[in-house]
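Q: Could you slot chain B onto chain A? The hints should help.
Chains as they are written, first to last, in our numbering: chain A, -6 to 174; chain B, 1428 to 1903.
Do not rely on the hints blindly, as some may be mistaken.
In the DSSO-like style, the derived pairs of lysine-lysine whose C-alpha atoms are separated by at most 27 angstroms in a straight line are [said to hold, decoys possible]: (1) B:K1565 x A:K0; (2) B:K1586 x B:K1612; (3) B:K1612 x B:K1521; (4) B:K1586 x B:K1623; (5) B:K1612 x B:K1659; (6) A:K29 x B:K1565; (7) B:K1634 x B:K1565; (8) A:K(-2) x B:K1623.
Per label pair, the in silico range of CB-to-CB distance [as the list claims (entries may be wrong)]: (9) A:V115 x B:F1683: 21 to 29 angstroms; (10) A:E58 x B:A1742: 45 to 53 angstroms; (11) B:G1791 x A:A123: 42 to 50 angstroms.
Here are some, though not all, of the chain A residues that point toward chain B, as calculated from beta-carbon distances under 8 angstroms [stated by the list, open to error]: (12) C9; (13) E21; (14) G56; (15) I86; (16) E101; (17) T106; (18) V107; (19) N111; (20) P117; (21) G118; (22) K119; (23) A123; (24) H127.
These are computed hints drawn from the structure, not numbers from a lab. None of the values given here were measured: they were computed from a predicted structure. Glycine is no exception: its CB is placed at the ideal position from the N, C-alpha and C atoms.
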Amino acid sequence: MIMAKPKIASVWLEACAGCHMSFLDIDERIVDLLGKVELTATPITDIKEFPEVEVGVIEGALGNEEELHLAKELRERCKILIAWGDCAVFGGINCMRNFMPAEQVLREGYVETVSTVNPEGVIPGKDLPALLPHAIPVDRAVKVDVYVPGCPPDADTIYYVFSEILEGRIPSVPTDIMRYD
Amino acid sequence: MENKKNTIVVNPITRIEGHGKITVDLADDGSVDNVRFHVTQYRGFEVFSKGRDFREMPVITPRICGICPVSHHLASAKACDAILGVTLPAPAAKLREVMHMGQFIQSHALSFFHLSSPDLLFGFDADPAVRNVAGLAKEYPELAVAGIGMRKYGQEIIKTLGGKKVHPWHSIPGGVNRSLRTEEKDSMLESLPAHKENLRKALELVKNYLAENAELAARFATLETSYLGLVKDGNLELYDGRIRLKSPRGRITDEFDDKDYCTYIGEHVEEWSYLKFPFYRPLGFPRGSYRVGPLGRLNACEDISTPEASSELAAFRKSTDDGIVHYTLYYHYARLIEILYSMERLEELLLDPDVLKSDLHITGDVTNREGVGVVEAPRGTLIHHYEVDEYGAIERANLIVATGHNNFAMNRGVEQVARDYITGPDVKEGALNRMEHVIRCYDPCLSCSTHAVGKMPLLLEIRNSEGELVRTVVKE
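Looking at chain A on its own, in the form it has when it is part of the complex:
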């Protein structure tokens, strides 16, 4: 695989942004990296328009309709899909809600929490994406090529993965920097 300047798209789905923060923790190396890759759609692009890219990166599990849709769309438009962080790889902490119905999760969060003043029992939902019955890892919906677990993966691990891609290899995270949190 030879790529002049690979295009990368990344997206932040059901997660905390910590994986993208860990990416920023490559610090000065970011300037060098930005000279070698073309970042097309950054996490801000939770929208319809992922361009065709060599590498797609997903941070986060899939917990609502919009996130499911975005994962499918990115899969279609990238050659290599990376699941980045424990949420994308395993579903992560989001899966803790899977033991109860989504409706109950909403009702308790918006009506029954102690400081909520909501006498009419308004549940958010208008013009908002509906929750999936369960939060799921990315590979329950689409094929994943590279798994990078960790909560979050270390900056060096993330840098390693991008370096491998720039060398034209499909990265496989070595055991000494592979971490599960």
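A: Leaving out everything else, chain B in the frame of chain A:
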């Protein structure tokens, strides 16, 4: 969607502990009718924490936000301390504060240097391709390197104590799990002056910008609101203090213990956003809305306990007649003053012999069935509240996150900018970026990745009353 209206949807305006979008409804004559900032993600931490042992909460709750996980880590640990009914040994409390200062330095540096400074240096209407940290590195390399270095400095402090830069593990109920070593303390102290010097330069930059753009600063999403923040003896406080609310005219409306927050703060729910709207109960919603974060804190306090930040605060207050600053763009200025405070406070803590002591932990059992922990997160007051059974299993949890307090103000600010810059469906790019910058003032993490690593693409959809797509504008 109401009838006979066009709706402009700006999606995404994201990244405030979740994901968001802005919708602008236009009236028949093309004028702005209604503007809403929606938060579109919900994960349910309050609900799925039920049944967990409360001791797990300082590890579970930081996953709410990877930008300032330390805030959740500390608020949670404080709520757990309250359940144990213990008072921490001084070394433990001070080490928690060391980590907290590291967090303020890194999070505020990210906000200013990586995110907001490109808008200020290149202008709101500049080419989005250069209006980011890569453009910054090219045109202002010294500033970019200073910013990246300052963030790294804060992150290294967090990693030293907590093992990792994001989602560290250091605080435990009743204390902390690791001491600080002499050589680590020395290394933190050694590099501090260089970062302080860089910060002074950034402060000059912001002050000059605000002086040169005084008219914009006075107008941009300016809101006269109340302000909320922690204080200790009236001074700015970030780790542990009383909650104070100040009126738009600068009168102290109320001041109360953090454990009594629920008597004073309620949360309103709207069907169009997953983010709730906190308000001061005695005034009701929306009258009781207020702002938090750097501007809220500097307005709420009387003074700052460290010398250099105190004199900067005095200069900051001279920008208005009554010393209360309502200008939203001054969030950036306030943020830098808080970095200065964090650096000075960090130095005080590191020079305190307590931080090298090994008295780190008090054990205990469930003494109180309820615990409240409150800290100032970089973006504002953060409240954790747990109720447990006799064995310590969580029965109820309630979290009020920093960004929530600003929800009303963000909505009003975006609306105000929309009214100023939008007349009909033909919307200019600069107007979109200005609406985003309102959010950016309150919540740096919102678009960190955007300004940090590349372009800011935006999709603007204009829909008619049937919900059919009339026109699409893509900004790349």
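Q: Against each hint, give a clear statement of whether it holds in the structure.
A: Hints, one by one, checked against the model:
1. B:K1565 x A:K0: Answer holds: K1565 of chain B to K0 of chain A is near 21 angstroms, not above 27 angstroms.
2. B:K1586 x B:K1612: Holds - the C-alpha atoms of K1612 of chain B and K1586 of chain B are around 13 angstroms apart, at most 27 angstroms.
3. B:K1612 x B:K1521: With a Cα-Cα distance of about 13 angstroms, the restraint between K1612 of chain B and K1521 of chain B holds, given a limit of 27 angstroms.
4. B:K1586 x B:K1623: Holds: K1586 of chain B and K1623 of chain B sit about 20 angstroms apart, inside 27 angstroms.
5. B:K1612 x B:K1659: holds (26 angstroms)
6. A:K29 x B:K1565: holds (15 angstroms)
7. B:K1634 x B:K1565: Given pair K1634 of chain B, K1565 of chain B holds - Cα atoms ~23 angstroms apart, limit 27 angstroms.
8. A:K(-2) x B:K1623: violated (38 angstroms)
9. A:V115 x B:F1683: 21 to 29 angstroms: holds (27 angstroms)
10. A:E58 x B:A1742: 45 to 53 angstroms: holds (50 angstroms)
11. B:G1791 x A:A123: 42 to 50 angstroms: Check passed, 43 angstroms falls within 42 to 50 angstroms.
12. C9: Interface hint status for C9 of chain A: holds (4 angstroms vs cutoff 8 angstroms).
13. E21: holds (6 angstroms)
14. G56: holds (7 angstroms)
15. I86: holds (5 angstroms)
16. E101: holds (5 angstroms)
17. T106: holds (5 angstroms)
18. V107: Holds. Min distance 5 angstroms.
19. N111: holds (5 angstroms)
20. P117: holds (5 angstroms)
21. G118: holds (6 angstroms)
22. K119: With a minimum Cβ separation of about 4 angstroms from chain B (threshold 8 angstroms), the hint on K119 of chain A holds.
23. A123: Violated. Min distance 10 angstroms.
24. H127: Interface hint status for H127 of chain A: violated (12 angstroms vs cutoff 8 angstroms).
Checked against the numbered hints listed earlier, the structure breaks hints 8, 23, 24; every other hint is satisfied.
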